[in-house]
Amino acid sequence: MIALDRQVLLQTLDAAVNETMEAMFFDAAAPVREGECCAGADMVTVCLWFHDAVDGEFMLAAPLPTAMALASGFMGVDNEQVQRRDAEQIACELANIICGSALSRLEPSSELRLSSPMATPRACATGDDVIYQHYQLLDGCLSVSLRID
Amino acid sequence: MAWRVLVVDDSPVMRGFIRRVIRLSGFDAAECLEAGDGEQALRVLRSQAVDVILTDINMPVMDGEELMEQLAADDRLRSIPVLVVSTDATKLRMARMTELGALGYLSKPFSPEMLRSELERVLEAGS
Chain A
2 MIALDRQVLL QTLDAAVNET MEAMFFDAAA PVREGECCAG ADMVTVCLWF HDAVDGEFML
62 AAPLPTAMAL ASGFMGVDNE QVQRRDAEQI ACELANIICG SALSRLEPSS ELRLSSPMAT
122 PRACATGDDV IYQHYQLLDG CLSVSLRID
Chain B
2 MAWRVLVVDD SPVMRGFIRR VIRLSGFDAA ECLEAGDGEQ ALRVLRSQAV DVILTDINMP
62 VMDGEELMEQ LAADDRLRSI PVLVVSTDAT KLRMARMTEL GALGYLSKPF SPEMLRSELE
122 RVLEAGS
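Those protein sequences? They're chains A and B, same order as listed.
Quick note: the first sequence uses the numbering used here, first residue 2, plus one each step.
Quick note: the second sequence uses the numbering used here, first residue 2, plus one each step.
By construction, these hints were calculated from the structure, which means they are not laboratory data.
There's no promise every hint is true.
To be verified - Pair by pair, the computed Cβ-Cβ distance ranges are:
hint, chain 1, residue 1, chain 2, residue 2, range
1, B, Ala-3, A, Asp-79, 45 to 53 Å
2, A, Val-78, B, Ser-118, 37 to 45 Å
3, A, Ala-124, B, Ala-31, 42 to 50 Å
4, A, Leu-139, B, Val-14, 14 to 22 Å
5, A, Glu-112, B, Ala-126, 22 to 30 Å
6, B, Glu-100, A, Gln-137, 27 to 35 Å
7, B, Arg-21, A, Met-119, 23 to 31 Å
8, B, Ser-48, A, Leu-139, 38 to 46 Å
9, A, Pro-66, B, Ser-112, 37 to 45 Å
10, B, Ser-80, A, Leu-11, 43 to 51 Å
Claimed, not checked - If the Cβ cut is set under 7 Å, some of the chain B residues that face chain A in the computed set are:
hint, residue
11, Met-15
12, Arg-21
13, Arg-24
14, Asp-89
15, Ala-90
16, Thr-91
17, Leu-93
18, Thr-99
19, Tyr-106
20, Lys-109
21, Phe-111
22, Ser-112
Unchecked claim - Non-contacting residues of chain A with respect to chain B, defined by C-beta distances greater than 12 Å in every case (computed):
hint, residue
23, Asp-6
24, Gln-8
25, Leu-11
26, Phe-26
27, Pro-32
28, Gly-57
29, Asp-79
30, Asn-80
31, Gly-101
32, Arg-106
33, Asp-129
34, Leu-138
35, Asp-140
On a predicted model such as this, the values are computed, not experimentally measured, just so you know.
Idealized CB from N, CA, C, for every residue including glycine.
Can you make the complete structure from the sequences, with help from the hints?
Right under this line is the structure:
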């Protein structure tokens, strides 16, 4: 079981988000320590669970326009062609990649089991037991959170 | 030489992304075929010629591990080089897939250049 070192988890999330955004979304992600990206009314939020060496939940949230812009880039289609369902699917892929990348860095010698990500109407996770971070993208913002049980 | 590639992933958007990245990377692909799981992949492989397989691991119906086992058990398919593309970058999983016969392992996230480089390396290793 990993030690819950908040700083290490934040750095790991930053590295996973940055690498994913640059390599697969051709975007840049700058951590915004004091930002708040989850306050909008129309959000795309997805979550997934992981278990084995570490158990917990990962959530990713973005305002709908940001999620649609990310989907447009990932799918290689114009923004006007993207539906909310597409934005949710791409957000699920993004969550899966970031979470897998972060956990593989934290526990490279263990097994990794992730549930299928799914869209959720829940709000972003917050609280003392949750590590969360906001990122400024080229076109919008993104929040991720990690709760380790 | 232009290569025939089979992309195996349960996510249609990920299959579409990989096909697009293969094209953007400049990799010489004659055709990109698709399958949504290991079972569909075997059907494609038994009906069409494929030079290299890119497969995810976690898929419904038949996952990447079982697909590798089925390929190894088939005289006509076992020589097709396999590149695993997965979010799981743990040493245990990489070792397991290599043990099952994968010639390459690319963990997500990956860039177009990384994908092209691994595809070319796997094809050379399998020749």
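(message) If I claimed the Cβ atoms of Ala-3 (chain B) and Asp-79 (chain A) lie 45 to 53 Å apart, would that claim hold in this structure?
(response) 29 Å, violated
(request) Under 7 Å, Cβ to Cβ, is where Lys-109 (chain B) needs to be relative to chain A, so tell me if that hint holds or is violated. (result) 5 Å, holds
(message) Beyond 12 Å on every Cβ pair: is that true for Gln-8 (chain A) relative to chain B?
(response) Check passes; 22 Å lies beyond 12 Å.
(message) Quick check on the hint: Leu-93 (chain B) CB to chain A CB, less than 7 Å?
(response) OK, holds: Leu-93 (chain B) within 7 Å of chain A, min 5 Å.
(request) Hey, is Leu-11 (chain A) genuinely clear of chain B, shortest beta carbon separation above 12 Å? (result) 19 Å, holds
(message) Hint Thr-99 (chain B) vs chain A: min CB-CB distance below 7 Å?
(response) Not OK, violated: Thr-99 (chain B) not within 7 Å of chain A, min 15 Å.
(request) Over 12 Å to the closest beta carbon of chain B is the bar; see if Asn-80 (chain A) clears it. (result) 16 Å, holds
(request) May I ask you to test the hint 27 to 35 Å on the CB atoms belonging to Glu-100 (chain B) and Gln-137 (chain A)? (result) 43 Å, violated
(message) Hint validation: Asp-89 (chain B) versus chain A, beta carbon distance must be below 7 Å. Holds or violated?
(response) The hint holds - Asp-89 (chain B) has a Cβ within 7 Å of chain A, the shortest such distance being about 5 Å.
(request) Kindly confirm whether 38 to 46 Å is satisfied by the beta carbon distance between Ser-48 (chain B) and Leu-139 (chain A). (result) 44 Å, holds
(request) Beyond 12 Å from every chain B Cβ: check whether that's true for Leu-138 (chain A). (result) 15 Å, holds
(message) A cut-off of 12 Å on Cβ-Cβ distance, and Gly-57 (chain A) was said to be off the interface with chain B. Does that hold?
(response) 16 Å, holds
The structure is inconsistent with the numbered hints 1, 2, 6, 9, 13, 18, 19, 26, 31 and 32, although it conforms to all the rest.
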